[in-house]
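Protein chains in written order, with the working numbering: chain A, 1 to 314; chain B, 1 to 363; chain C, 1 to 275.
Hints were generated in silico from the structure; no laboratory data involved. Owing to the predicted nature of the structure, the values given are computational and were not obtained by experimental measurement. Don't take every hint at face value.
Straight-line C-alpha distance at most 25 Å; calculated SDA-like pairs for lysine to any residue [stated by the list, open to error]:
1. A:231 with B:133
2. B:277 with B:342
3. A:231 with B:153
4. C:240 with A:158
5. A:231 with C:105
6. C:263 with A:259
7. C:240 with A:259
8. C:263 with C:80
9. C:240 with C:222
10. C:14 with A:259
11. B:103 with B:153
12. A:231 with A:73
Listed below are the residues making up each chain.
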Amino acid sequence: MVSKAELMEGEFSRVLDAPERRSRFRRGRMVTRWDWFLWPAVLVSLVLLVLPQAMFVWLSFHADLGLGQVSDSLTARNYLHVLSDPFYRQSFWMTLYLSVAATGSGLALGFPAAYALARIGGWTASFMISLILTTSLVTVVVKLMGLNIILGSTGMVNRILLALALTSTPVQMLNNRLGVLIGLVQYTLPMTIVLLFGVMQTIPVTLEEAAATLGASHAGTFRQVIVPNAKAGLVSAGLIAFNMSMGAFTSAVLLGGGRVRTIPVLIQQMIIQNTDYAEGATLSTVLVALVFIINLAVGAAFVATGAKERQDVA
Amino acid sequence: MASVAIQNVCKFYAGMAAVRDADLTVEQGEFVVLLGPSGCGKTTTLRMVAGFVQPSRGRILIGGEDVTRVAPRARNIGMVFQNYALFPNMSVAGNIAFGLRQKGASRAGTRARVAELLELIQMPGRGESLITTLSGGQQQRVALARALAVSPRVLLMDEPLGALDARLREAMQLELAAMQRRLGITTILVTHDQQEAMVLADRIVVMADGRIQQTGTPDQLYQHPSNRFVAEFVGFNNILAGRVGAVNAGRAQIVLRGGHRVWVPTRRQPQPGDSVKLAIRPQHVEISERQAGSGSSLSGQVEERRFLGNRVNYSVRLPLDEVVLAECPAERPPLAPGTTVSVSWPTERAHLFDTAGRALHGE
Amino acid sequence: MWRDRDWNRRGVSKAMLALALLFLLLPFVVVLGSSFDAAAEYHIDFPPRGFTLRNYAAIPPSYIHAAGVSLMVGLSVAVASTVIGLCAALGLVRSQAARREVLESFFRLPVQIPFVVTGAVFLQFYFQLAAWTGVDVLTGPVGLIIAHVFVAVPYSVGAVTAVLLRFDSSLEEAAESLGASGWGTFWRVTFPVIRPGVMAGLFYAFIVSFGDVPMALFLVTGKWTTLPVQIFQDMQFDFKPSILAVSSLIAVLSLIAILAAQKLAGLEMVEPRRR
Numbered sequence: 001m002v003s004k005a006e007l008m009e010g011e012f013s014r015v016l017d018a019p020e021r022r023s024r025f026r027r028g029r030m031v032t033r034w035d036w037f038l039w040p041a042v043l044v045s046l047v048l049l050v051l052p053q054a055m056f057v058w059l060s061f062h063a064d065l066g067l068g069q070v071s072d073s074l075t076a077r078n079y080l081h082v083l084s085d086p087f088y089r090q091s092f093w094m095t096l097y098l099s100v101a102a103t104g105s106g107l108a109l110g111f112p113a114a115y116a117l118a119r120i121g122g123w124t125a126s127f128m129i130s131l132i133l134t135t136s137l138v139t140v141v142v143k144l145m146g147l148n149i150i151l152g153s154t155g156m157v158n159r160i161l162l163a164l165a166l167t168s169t170p171v172q173m174l175n176n177r178l179g180v181l182i183g184l185v186q187y188t189l190p191m192t193i194v195l196l197f198g199v200m201q202t203i204p205v206t207l208e209e210a211a212a213t214l215g216a217s218h219a220g221t222f223r224q225v226i227v228p229n230a231k232a233g234l235v236s237a238g239l240i241a242f243n244m245s246m247g248a249f250t251s252a253v254l255l256g257g258g259r260v261r262t263i264p265v266l267i268q269q270m271i272i273q274n275t276d277y278a279e280g281a282t283l284s285t286v287l288v289a290l291v292f293i294i295n296l297a298v299g300a301a302f303v304a305t306g307a308k309e310r311q312d313v314a
Numbered sequence: 001m002a003s004v005a006i007q008n009v010c011k012f013y014a015g016m017a018a019v020r021d022a023d024l025t026v027e028q029g030e031f032v033v034l035l036g037p038s039g040c041g042k043t044t045t046l047r048m049v050a051g052f053v054q055p056s057r058g059r060i061l062i063g064g065e066d067v068t069r070v071a072p073r074a075r076n077i078g079m080v081f082q083n084y085a086l087f088p089n090m091s092v093a094g095n096i097a098f099g100l101r102q103k104g105a106s107r108a109g110t111r112a113r114v115a116e117l118l119e120l121i122q123m124p125g126r127g128e129s130l131i132t133t134l135s136g137g138q139q140q141r142v143a144l145a146r147a148l149a150v151s152p153r154v155l156l157m158d159e160p161l162g163a164l165d166a167r168l169r170e171a172m173q174l175e176l177a178a179m180q181r182r183l184g185i186t187t188i189l190v191t192h193d194q195q196e197a198m199v200l201a202d203r204i205v206v207m208a209d210g211r212i213q214q215t216g217t218p219d220q221l222y223q224h225p226s227n228r229f230v231a232e233f234v235g236f237n238n239i240l241a242g243r244v245g246a247v248n249a250g251r252a253q254i255v256l257r258g259g260h261r262v263w264v265p266t267r268r269q270p271q272p273g274d275s276v277k278l279a280i281r282p283q284h285v286e287i288s289e290r291q292a293g294s295g296s297s298l299s300g301q302v303e304e305r306r307f308l309g310n311r312v313n314y315s316v317r318l319p320l321d322e323v324v325l326a327e328c329p330a331e332r333p334p335l336a337p338g339t340t341v342s343v344s345w346p347t348e349r350a351h352l353f354d355t356a357g358r359a360l361h362g363e
Numbered sequence: 001m002w003r004d005r006d007w008n009r010r011g012v013s014k015a016m017l018a019l020a021l022l023f024l025l026l027p028f029v030v031v032l033g034s035s036f037d038a039a040a041e042y043h044i045d046f047p048p049r050g051f052t053l054r055n056y057a058a059i060p061p062s063y064i065h066a067a068g069v070s071l072m073v074g075l076s077v078a079v080a081s082t083v084i085g086l087c088a089a090l091g092l093v094r095s096q097a098a099r100r101e102v103l104e105s106f107f108r109l110p111v112q113i114p115f116v117v118t119g120a121v122f123l124q125f126y127f128q129l130a131a132w133t134g135v136d137v138l139t140g141p142v143g144l145i146i147a148h149v150f151v152a153v154p155y156s157v158g159a160v161t162a163v164l165l166r167f168d169s170s171l172e173e174a175a176e177s178l179g180a181s182g183w184g185t186f187w188r189v190t191f192p193v194i195r196p197g198v199m200a201g202l203f204y205a206f207i208v209s210f211g212d213v214p215m216a217l218f219l220v221t222g223k224w225t226t227l228p229v230q231i232f233q234d235m236q237f238d239f240k241p242s243i244l245a246v247s248s249l250i251a252v253l254s255l256i257a258i259l260a261a262q263k264l265a266g267l268e269m270v271e272p273r274r275r
């Protein structure tokens, strides 16, 4: 497979080395032509991205006057309010907590699953991956409806738990944070497995075999060989799952019963129900900024520990 | 050090036999090479000794104890893989020390042992290097050191030199042979390169189609191949088609395709009229410019002359389109292409095989 | 060559795989089963008691209408974002533009913003747009389509870029040396080869648009409500068994569409790697 760098290098050298004037002129013309493709697309995307966002952020610096009106003067009051109000703080903490928990659970379940898939390999693994991907492509409301039925107090899960005497009363898994957590894992698990499947394919089986001949147990091999070599992929997949969870709206509403007010839920409430547009805008901006900062921080921390580990001594 | 015994081992996959009726004993300290083309079952056999594959039938014994049902990690073996399988997340020292860490060795002891091994593979002081910064040859040596660190009783190697370029490979072959002799460790190596086998092995096991074709020293296999496959696989061999004419006690007269007749010593009596194949090594083929009057000898035309430094190869085209390769010392006056030559060989050097490939020759 | 199934059974990991598959597939099975449940009116449960097609028959016309809206929006979004994405991908890979990585990240940006936020952003934008220019995109589906195109373009760009990078440009050079024009070369040589990527982009764009809830919640109302939003709202406020029927239909039709896309358009969702 040709890497992009190779491809671009190849093109460039072809421009330089072209023996005939005629072909070089044609190549030069073709190169310019592609630029004409690129810039309109960039322009459109730019307009759609920057303009509305800028306006939105601009909006957050104004005060709500109720009934959808905003004041004319700039103020940072919204931000102060959002960042200091205990109600919002609690919501931010909860959203963070749920996202981290969902990411952790997703990785704990998804990584061994991806590992098993990668080692099964061949047609069977492709089929299962397609199946998993398919579940993520169907509208989320369908899955949430199914979960609603399964997680109810008389639903399948509770019936099994009661039958196995693991609990004496039905466990409340809907309209609370646990339900939302389960919904978030449903939402992010397919992507996690697919990503980690790709990562696992870069770790050859011979590494496990070598570890075995050197006396390592299966668990030891997993801990000392597989996980360290999958670390970059784990962090990357984890961040993606985290980002998805932080922004998840539908799961929070349908499985939280309106009681679990994560930030996305609040944003929708502010804007549609309360028409407090500026406040909604402020919440949105803080959310996006928060996610961005966390991504940066984790990325930086990962690079730092990676450098330290390379001084691993026997 | 331990001996390895493979007894009546078979391995079947979905109705197909990857290995069939394998019987082999490797003595303590012996260097045995499993040699054969791809798909012959040599790697599967090695992996059964390692424990990654369960034999469908038969037993594997290491040091006299039955390890057929024992997991790889409990067999106390060392293994070097074709792609080295070095752990990318650890340094050179980390890799070498891995086996020792699993056993819970002390830090000081581990450090000393790692240093010892780095000396052995002639890479002292490279303990902190990352695997990715090493060349192919260096990686191969680290893989070897890692396998030897825990003092295994058997060393297994799966085409370890396959990824190296030709010159490096030759150098590593000699190093490997010397090291094995010095350490005296029982070693089984798998390769498809028969030259490699000749250099390294105390004994070679030639395999094809899942079966062991012949076991013997390099010399035995070369001089006395027991079937046609071995004759053709180990060293180059000219193969001529013929039919049995007359049969005598211990000899058979073979009529070659051009009509020329030769006598070949045989151990098993073929029947007159049987189809046979005659094998003769290039260095035993004698050619000389055809003199007038030598009507009864096999003759042909020189087709090509290839100069190889210390020797010359002649391709001689016989009647009815068979080609014979003759190897001559370079000092001989050269024969130009197109020259008609007489072709002959010492009778006892020719090997005879029936249509099933079984050897008929021998004294 | 031969897979060594005999060693490393990996029982624990395989159990986790089974659990993950069960977890992901069970909701669909349950919805499908319950849609045939005769007692669904009173109490949803699984396994279903009694079989009936009543729930399917009782699908109200509002759902059919919403389905039509979703389809129309989805197709428009797919086509528009694929065109833009194709141009962008061609430009990204082929042109000598400096700082290509920056541009690539730029094109990936829309997906990284939560859909709730994007919905709110565009809502505000459209209000302002109406205030400034009098152009109202909120009463019809146009506003939603534009916003969906915004988030779908990254998928198109990604899918086409992936195929383009693997494309051997010497194919085009060969065509040109044989006298083909630029446009002709593109349609007869380049496009057929990159078609799987373009199809994938089309497909994903449609999926993203069809399945979206938060953005549609913000940007369309009344008779332009999309199907997922309709289901979403009824699940909260007005649950009827026919919702199960509609959801089952969506699930089954989606599955068929995905399989068809893989076979016909030669989509390769995941690249299988043979051992």
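Going down the list of hints, with the structure as the test:
With a CA separation close to 20 Å, the supplied pair residue 231 (chain A) and residue 133 (chain B) stays within the 25 Å bound. Taking the CA atoms of residue 277 (chain B) and residue 342 (chain B), the gap is near 20 Å; set against the 25 Å cutoff, the hint holds. A distance of roughly 35 Å separates the Cα atoms of residue 231 (chain A) and residue 153 (chain B); the hinted pair therefore is violated under the 25 Å criterion. Under the criterion of a C-alpha separation no larger than 25 Å, the hint pairing residue 240 (chain C) with residue 158 (chain A) is consistent with the structure, at around 23 Å.
A hinted pair counts as satisfied when its Cα atoms are at most 25 Å apart, and residue 231 (chain A) with residue 105 (chain C) qualifies at roughly 23 Å. Of the pairs offered as hints, the one joining residue 263 (chain C) and residue 259 (chain A) is violated, with about 44 Å between alpha carbons and a cut-off of 25 Å exceeded. At most 25 Å may separate the alpha-carbon atoms for a hinted pair to count; residue 240 (chain C) and residue 259 (chain A) meet this at roughly 22 Å. Distance check on the hinted pair: residue 263 (chain C) and residue 80 (chain C) sit about 24 Å apart at the alpha-carbon level, within 25 Å; holds.
A C-alpha spacing of about 19 Å is found between residue 240 (chain C) and residue 222 (chain C), which places the hinted pair at or below 25 Å, so the restraint holds. The suggested pairing of residue 14 (chain C) with residue 259 (chain A) is violated, with an alpha-carbon distance near 37 Å, which exceeds 25 Å. Note on residue 103 (chain B) and residue 153 (chain B): the hinted pairing holds, with a Cα-Cα distance of about 16 Å set against a maximum of 25 Å. With a C-alpha separation of about 49 Å, the suggested pairing of residue 231 (chain A) with residue 73 (chain A) is violated against the 25 Å cut-off.
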